[in-house]
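> Here is how the chains run, residue by residue.
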Amino acid sequence: MEITKSAMAGSLESSDVLVTVAPGPGPGVEFKVESIVIKQFGKRIRSVTEEVIAATGVQNATIQVQDRGALECTLRARLETAIARAAESA
Amino acid sequence: MGGEAFGWEEKTLAGRAELAARAALLHSRGLTEPGDEDLILGLFDGEQLVATGALVGSVLEGIAVAEGVEGEGAAVTIVSSLIKQAVGRGMRQLFLFTTSQEAGRFETMGFSFLASTGSKGVALLEWGMNGIERWLAGLKTRTHGKPGNAAAVVVNCNPFTLGHRALIEYAASKAPWLYVFVVEEDRSLFPFKVRIDLVRRGTADLRNVTVLEGGPYIISSATFPTYFIRPAAVGGDASARAVELHAALDLALFRRHIAPALCITDRFVGTEPYCATTSIYNRMMEELLQDRDGDGPVLRVHEMPRLEKNGEPVSASKVRALIRGGDLDTVKELVPRATWEWLRSREAAPILEKIRNSDSRH
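In order, the protein sequences belong to chains A and B. Using my numbering, count along the first sequence one by one with no gaps and you end on 91. Using my numbering, count along the second sequence one by one with no gaps and you end on 372.
Check before you lean on any hint, since a few could be wrong.
[Stated by the list, open to error] Here are the simulated lysine-lysine pairs, PhoX-like style, with alpha carbons at most 25 Å apart:
| hint | chain 1 | residue 1 | chain 2 | residue 2 |
| --- | --- | --- | --- | --- |
| 1 | B | Lys328 | B | Lys203 |
| 2 | A | Lys6 | B | Lys94 |
| 3 | B | Lys184 | A | Lys33 |
| 4 | B | Lys156 | B | Lys130 |
| 5 | B | Lys184 | B | Lys150 |
| 6 | B | Lys328 | B | Lys342 |
| 7 | B | Lys364 | B | Lys342 |
| 8 | A | Lys44 | A | Lys33 |
| 9 | B | Lys342 | A | Lys33 |
[As the list claims (entries may be wrong)] Beyond 12 Å from chain A on every Cβ pair, some chain B residues (computed):
| hint | residue |
| --- | --- |
| 10 | Arg26 |
| 11 | Thr87 |
| 12 | Asn140 |
| 13 | Gly141 |
| 14 | Ile142 |
| 15 | Cys285 |
Think of the hints as simulated: they come from the structure by calculation, not from any bench. Fair warning: this is a prediction, and the values are worked out from it, not measured in the lab. Heads up, the beta-carbon is just placed ideally off N, CA and C, and yes, glycines get one too.
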């Protein structure tokens, strides 16, 4: 999946996560995770992010994940939406 | 509590009444309107404005939440929206300008602290994948192996004159290595590419000098927005205070991040005869970089008298004034060969034309 522009999904509100996807230098995807529960769930947030990146087949992108204590389903939804928006040709 | 977020309505503030309500909200929190906003957002609870925030270029500013609704997520809602708007406009790196006391609140929203002017002053934070650490890492790959105890000068060089050359030559003779940072913001009459190219060519013979881009962290529209405003607009006490504030922030950032990363211990500066903004900057430099209580290593500041020609200081503003007046013969005496040759080139013609038709400070 080709990332053509910067896009976001989610918010910084409590129990949500803000995901920013932008075209990157590539190859591959570089991502950064910040979380208010990084100690407890940092590993899981990273593995979910990696999983979604692999599943969507996104290439040459940077992804910023700013977690405010989102549930896993929220994180997945935000990641998928942000990636889909960034790949839209508009 | 969380449900209340659904009762808030967010909109772009535009009308006179809305802007007045916003000004009142900012004032009630001890803030002023930033000015030059590209976007002003407001959050309403019915008729009442409960929060506001603005985007000025790539800087989030003027963020305030009404008393009584704090802790209910209004600030987070506004900041999220501002970030989305900015990213939607293609920005990758954002800054946030706030009071030092409030800085911690924005750090929990994913902003990283850059510098402040003290616990009762103002603070600058940043957001995005390309932060200062990455920028400094990029610089370090180019400064690797250079000696420590290095010196730095920051120049705009609009355009590069014999005055800049004299300062650089002097600083380079006093230090094992000299970094010349050229202001990167493209808001001067001479484009950045031309300015830095002329500095590089005009200092190529100095073996212990490295010319670097100032990036978004040295006199940029994020660290020092008032630097780029015309002098007519910099009138009165309030704007002099704004210049001092921005100068202080710019210097705090230099001292906290840039100097330690490149092992810079000295900063050289030329006396400023014409420009009020630069002379405030120079004065603050002596004060803040040498202050023992500041954040980051103490630096030594050396001020060098301006090079004079025919009894007058050589400066870029003088050169621009001469170009404006059509006196190119005198310009030739004030600039290095590389600058002179460029001024005579075909590429220069449209820029010279622009200078003749402008009264911009830059």
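> The structure should be examined with respect to each hint, and the outcome stated for every one.
Consistency of the hints with the structure:
Restraint check for B:Lys328 and B:Lys203: satisfied, since their Cα atoms lie roughly 21 Å apart, inside the 25 Å limit. For the suggested pair A:Lys6 and B:Lys94, the alpha carbons sit about 13 Å apart, so the restraint of at most 25 Å is met. Among the hinted pairs, B:Lys184 with A:Lys33 is inconsistent with the structure: their alpha-carbon atoms are about 43 Å apart, more than 25 Å. Proposed proximity of B:Lys156 and B:Lys130 is contradicted: the alpha carbons are some 38 Å apart, above 25 Å.
Restraint check for B:Lys184 and B:Lys150: the C-alpha separation of about 22 Å stays at or below 25 Å, so the hint holds. Taken as a hint, the B:Lys328 and B:Lys342 pair is honoured in the structure, with Cα atoms around 12 Å apart against an allowance of 25 Å. Simply put, B:Lys364 and B:Lys342 have alpha-carbon atoms about 19 Å apart, close enough for the 25 Å limit, and the pair holds. A distance of roughly 12 Å separates the Cα atoms of A:Lys44 and A:Lys33; the hinted pair therefore holds under the 25 Å criterion.
For the proposed pair B:Lys342 and A:Lys33, the alpha carbon gap of about 52 Å is over 25 Å, so the pair is violated. Under the 12 Å C-beta cut-off, the non-interface status given to B:Arg26 relative to chain A holds; the minimum distance is some 30 Å. With a cut of 12 Å on Cβ distances, B:Thr87 falls inside the contact zone with chain A, its closest approach being about 7 Å. Not every beta carbon of chain A lies more than 12 Å from that of B:Asn140, the smallest distance being close to 9 Å; the non-interface claim is violated.
With a closest Cβ-Cβ approach of about 10 Å to chain A, B:Gly141 is found to fall inside the 12 Å limit, against its non-interface label. The claim that B:Ile142 lies off the interface holds: its Cβ sits roughly 14 Å from the closest Cβ of chain A, which is beyond the 12 Å cut-off. Its beta-carbon lying about 37 Å from the closest one in chain A, B:Cys285 satisfies the requirement of being farther than 12 Å from that chain.
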